[in-house]
Each structure stands twice: as structure tokens, then as C-alpha cells.
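Student: With the sequences and hints as input, model every part of the structure.
Listed below are the residues making up each chain.
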Amino acid sequence: MEKIFMYTLSTCPWCRKTKQFFKEKNIEFNFVDYDLAGEEEQDKIRDEMSKYGNVAFPFVKIGEEVVIGYDPDKYSKLCGLTEGK
Amino acid sequence: MTIAEPSWVSTIDADKLLENKKAAIYPKGLPVLLIKQGGRIHAISNKCAHMACPLAGGVLEDCIIRCPCHNWGFDIKTGEFLDAKEIKIQVYQTKLLEGKIYVKI
Amino acid sequence: MNIESRKKALKFLYQRVVDPLGYKFSPDKDLVDFLLEQEVKLKQKHGIPFCPCQGLSKDREENMRIVCPCIPFHREHFDAMKRCWCGLFVHKDVTNSDELKQIPVHEIKK
Numbered sequence: 001m002e003k004i005f006m007y008t009l010s011t012c013p014w015c016r017k018t019k020q021f022f023k024e025k026n027i028e029f030n031f032v033d034y035d036l037a038g039e040e041e042q043d044k045i046r047d048e049m050s051k052y053g054n055v056a057f058p059f060v061k062i063g064e065e066v067v068i069g070y071d072p073d074k075y076s077k078l079c080g081l082t083e084g085k
Numbered sequence: 086m087t088i089a090e091p092s093w094v095s096t097i098d099a100d101k102l103l104e105n106k107k108a109a110i111y112p113k114g115l116p117v118l119l120i121k122q123g124g125r126i127h128a129i130s131n132k133c134a135h136m137a138c139p140l141a142g143g144v145l146e147d148c149i150i151r152c153p154c155h156n157w158g159f160d161i162k163t164g165e166f167l168d169a170k171e172i173k174i175q176v177y178q179t180k181l182l183e184g185k186i187y188v189k190i
Numbered sequence: 191m192n193i194e195s196r197k198k199a200l201k202f203l204y205q206r207v208v209d210p211l212g213y214k215f216s217p218d219k220d221l222v223d224f225l226l227e228q229e230v231k232l233k234q235k236h237g238i239p240f241c242p243c244q245g246l247s248k249d250r251e252e253n254m255r256i257v258c259p260c261i262p263f264h265r266e267h268f269d270a271m272k273r274c275w276c277g278l279f280v281h282k283d284v285t286n287s288d289e290l291k292q293i294p295v296h297e298i299k300k
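Chains as they are written, first to last, in my numbering: chain A, 1 to 85; chain B, 86 to 190; chain C, 191 to 300.
Hints in this document: simulated from the structure, not taken from any laboratory.
Be careful, since some hints might not be right.
Said to hold, decoys possible - With a cut-off of at most 16 Å between alpha-carbon atoms, the simulated EDC-like pairs for lysine to aspartate or glutamate come out as follows:
1) Lys17/A - Asp218/C
2) Lys170/B - Asp209/C
3) Lys77/A - Glu2/A
4) Lys19/A - Asp33/A
5) Lys214/C - Glu171/B
6) Lys233/C - Asp35/A
7) Lys248/C - Glu40/A
8) Lys51/A - Glu297/C
9) Lys3/A - Glu64/A
10) Lys248/C - Asp43/A
11) Lys44/A - Asp33/A
12) Lys291/C - Asp71/A
13) Lys282/C - Asp218/C
14) Lys180/B - Asp98/B
15) Lys77/A - Glu65/A
16) Lys219/C - Asp288/C
17) Lys248/C - Glu41/A
18) Lys201/C - Asp223/C
19) Lys170/B - Glu266/C
20) Lys248/C - Asp47/A
21) Lys173/B - Asp209/C
Tutor: Below you can see the structure in the form of C-alpha cells.
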């Protein structure tokens, strides 16, 4: 299974849905809530996200691929889940 | 209830409003902002179309006033919001009479 | 003012702004309720009701572009999705907001 990491916001319902999606599939993931991070960490996160197009949440890294926004179909595809949603 | 027709209301002395300056007034109890710019006197609503912040505390640059709360910019001639012309603040006609600024409101 | 009346106050102010832009509140009432509550909390924290689904930076001018309703500053992007990024507002013709997806801005400009 690909390693999954995400940058999220604690105030964003779509970030919550994203976490919920992986929990329901019993797929392990790590995350950092950007809004709860320190200033220095926020700068680093912004720098990293900028490399992938734009700074927007949820930012989900599945292996080397990045999905920006809540997109269960893309998550499923990249995780090799066949049943779709 | 009937809504009163707009009428000319005498406000402040014209010589009190200097070039590039603003004055908050309340003709008929309504919040209005007078602005003198390029020798002309403009009267606009003193309430931002976004969250009703008073524009009197905003920054004036040429014909643009920026709300002090969240930077929303408006054209003082037309009342149009710069980033979406569909959103407008009220603009009022002005005239000078016997050294006084009148606003049609 | 309690949290419910603060939410109502924001709703009243936003309605006047989004209507002329062709948007309305999402028909998903739970989502609207959740987002407005987050905004009330963000306003209590920062003094400004920022978008709960976008990240703040150190740049004031940038941050002012994500004060709700931020539609005017992201018009092309949001019009393409028929919703704003957080989904609080949708185009007036939308009846089922579940069908609308978040599409990152760089994919729209392609």
C-alpha cells in the first residue's frame, strides 16, 4: 500500500471527510492540521504545497501522487481500490 | 409606510471639506461619506457592501476607497465594487449652494 | 450574542453579497450550519470571518482575499465548480450540491 500523508485544516469539513474516507477503508495515514501548526511549520508546508500547483486543502499525498481537494474517486484509484466510492 | 422621495439636504460648509479628504455625515439619519477628489465632491454610502464597516476609516487613492476592515475597494464615482461590478454601494448626487454642500437623499 | 445569533448575523450579511453574484447558500443545511459555526469561531479568534477551508498566510493582502464571501476574488475558479471552495455557496440553479466537486484551480486553468 502507498504511504499516505495529508495537510488539512481543523475547520474544514472536506478535510474531515477526507480523513473519514481513509478511516472507513482502514487505510493508515498521517496528517498535519495546517491551522494548528506553528508559524515556521506553516511556512514549510506552504513551500512544499506550492511545488504541486497551489496551496489548498485538503492536500493528500498518496505515494508520489498528490490530490488537492476532496475527491474520493481519485483517492480510490490511487490506492488501488476497485469498488470506487 | 411610504418611502419619502429623495430631496436635497443641506450638510456641511463646503470650505470644511479639503481636497483628498473625507467627512462622515448623517443626512436624514443615514450614514453618508463626503469625499473631495479632483475638485469634485462625491457622496457615497458610509457602509461597506461586504459587512457594513464604515468606509470613513478607509484609504482613499484617486477615485478608489478601500474599506479598512477587509480591503474591499469601491469606485467613489459609481459606487461599484472593483472586484465584482454587480455589487455596489449607494452614490448620492451633490451640489453646492451658498457655501454649503447639499446631498440628494 | 450567542453562537446561533452570530451565525444568523453572518448569514444575513452574506446573503446580500452573494445574491447579485448569482450564488445562494448551499441546500445542504448541515454543511451550512457547520461552516457558519467555524466562521463564528474564526471571527472570535482573528476578528475576521475567514474561509474555514483555506489557509491563512503572513500576507495581509492575501488573507483579505479569503474573507467570506470570497467569491469576487476567485470568480473564475468558483464559477467553473458552481460552488465556492468550501461549498457554503453554490450557483442559484444548483439543487443537489452533492454532485459538485472540489476542483483545484490549476486543473481548471488547463
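Student: Sort out which numbered hints this structure fails and list those numbers smallest first.
Tutor: none
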